[in-house]
Amino acid sequence: EAQVTQNPRYLITVTGKKLTVTCSQNMNHEYMSWYRQDPGLGLRQIYYSMNVEVTDKGDVPEGYKVSRKEKRNFPLILESPSPNQTSLYFCASSSGQVSGQPQHFGDGTRLSIL
Amino acid sequence: KNQVEQSPQSLIILEGKNCTLQCNYTVSPFSNLRWYKQDTGRGPVSLTIMTFSENTKSNGRYTATLDADTKQSSLHITASQLSDSASYICVVTDRGSTLGRLYFGRGTQLTVWP
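Residue numbers (the numbering used here), protein chains in the order written: chain A, 1201 to 1314; chain B, 44 to 157.
Extracted from the complex, chain A is given alone in its bound form (with noise of 0.2 angstroms):
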């Protein structure tokens, strides 16, 4: 079954404990990327990857980190989380972008940074 799995679902954590929510899909997609939704702001896009090795910042890139070192996996890294981080998570990925394919989504991860 073609699908975006994210783990954990969900993480209650402090501020400034290093963290990554690991991100994989199996349907061999170049592009992959790392959203947030926030009540009344939508889904805002932190970082994507067109490819392995290729990486760029979106909308909202501060605090986090990224990296493509394989094509089915892009984990994102809060090196020094702060309370201002707790949201709501997506990674998503498709096979093409300007070409209009579909993003395939994961279920969310929900993180609560105290």
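No lab work stands behind these hints, which were simulated from the structure alone. Check the hints yourself; a few may be wrong.
No farther apart than 27 angstroms at their CA atoms in a straight line, the calculated lysine-lysine pairs in the DSSO-like style are these [said to hold, decoys possible]:
no., chain 1, residue 1, chain 2, residue 2
1, B, LYS60, B, LYS44
2, B, LYS114, B, LYS44
3, B, LYS114, A, LYS1257
4, A, LYS1269, A, LYS1218
5, A, LYS1265, A, LYS1217
6, A, LYS1257, B, LYS44
7, B, LYS100, B, LYS60
8, A, LYS1257, A, LYS1269
9, B, LYS100, A, LYS1265
Guided by the hints, dock chain B onto chain A, whose structure is given.
Structure of chain B alone, referenced to chain A:
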């Protein structure tokens, strides 16, 4: 500035009724426009994707229209069902960058009452 505006912000309709959601954008150069449905607590799911040359596309009871000249799109839902209750998100892709920059609307929250 590239933006995507959706209206209304929220909408309540009775089961069986039709409704139309609006999306206006200023993204240029335009590549494609997508409508997504997002159930509470889940990742968005693609409903339709339209490129510059397409002015209507259907997916079951969902019909999207696009007027690239006025930069407007609409999503029409026919014979609404309780399961249509969700947030509907309009997303426009920018053809200007090689990686395909995405611009998200904040969504329309639709509630269908029995």
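Against the structure, the hints:
1. B/LYS60 with B/LYS44: Between B/LYS60 and B/LYS44 the Cα gap is close to 36 angstroms, so the pair fails against 27 angstroms, i.e. violated.
2. B/LYS114 with B/LYS44: Cα-Cα ~14 angstroms, so holds.
3. B/LYS114 with A/LYS1257: Since the Cα atoms of B/LYS114 and A/LYS1257 sit roughly 26 angstroms apart, the hinted pair holds (cutoff 27 angstroms).
4. A/LYS1269 with A/LYS1218: Within the cut-off at roughly 20 angstroms; holds.
5. A/LYS1265 with A/LYS1217: OK: A/LYS1265 and A/LYS1217 at ~14 angstroms, within 27 angstroms.
6. A/LYS1257 with B/LYS44: 17 angstroms, holds
7. B/LYS100 with B/LYS60: Judged against 27 angstroms, a Cα distance of about 20 angstroms means the pair holds.
8. A/LYS1257 with A/LYS1269: Distance of about 17 angstroms is within 27 angstroms: holds.
9. B/LYS100 with A/LYS1265: 38 angstroms, violated
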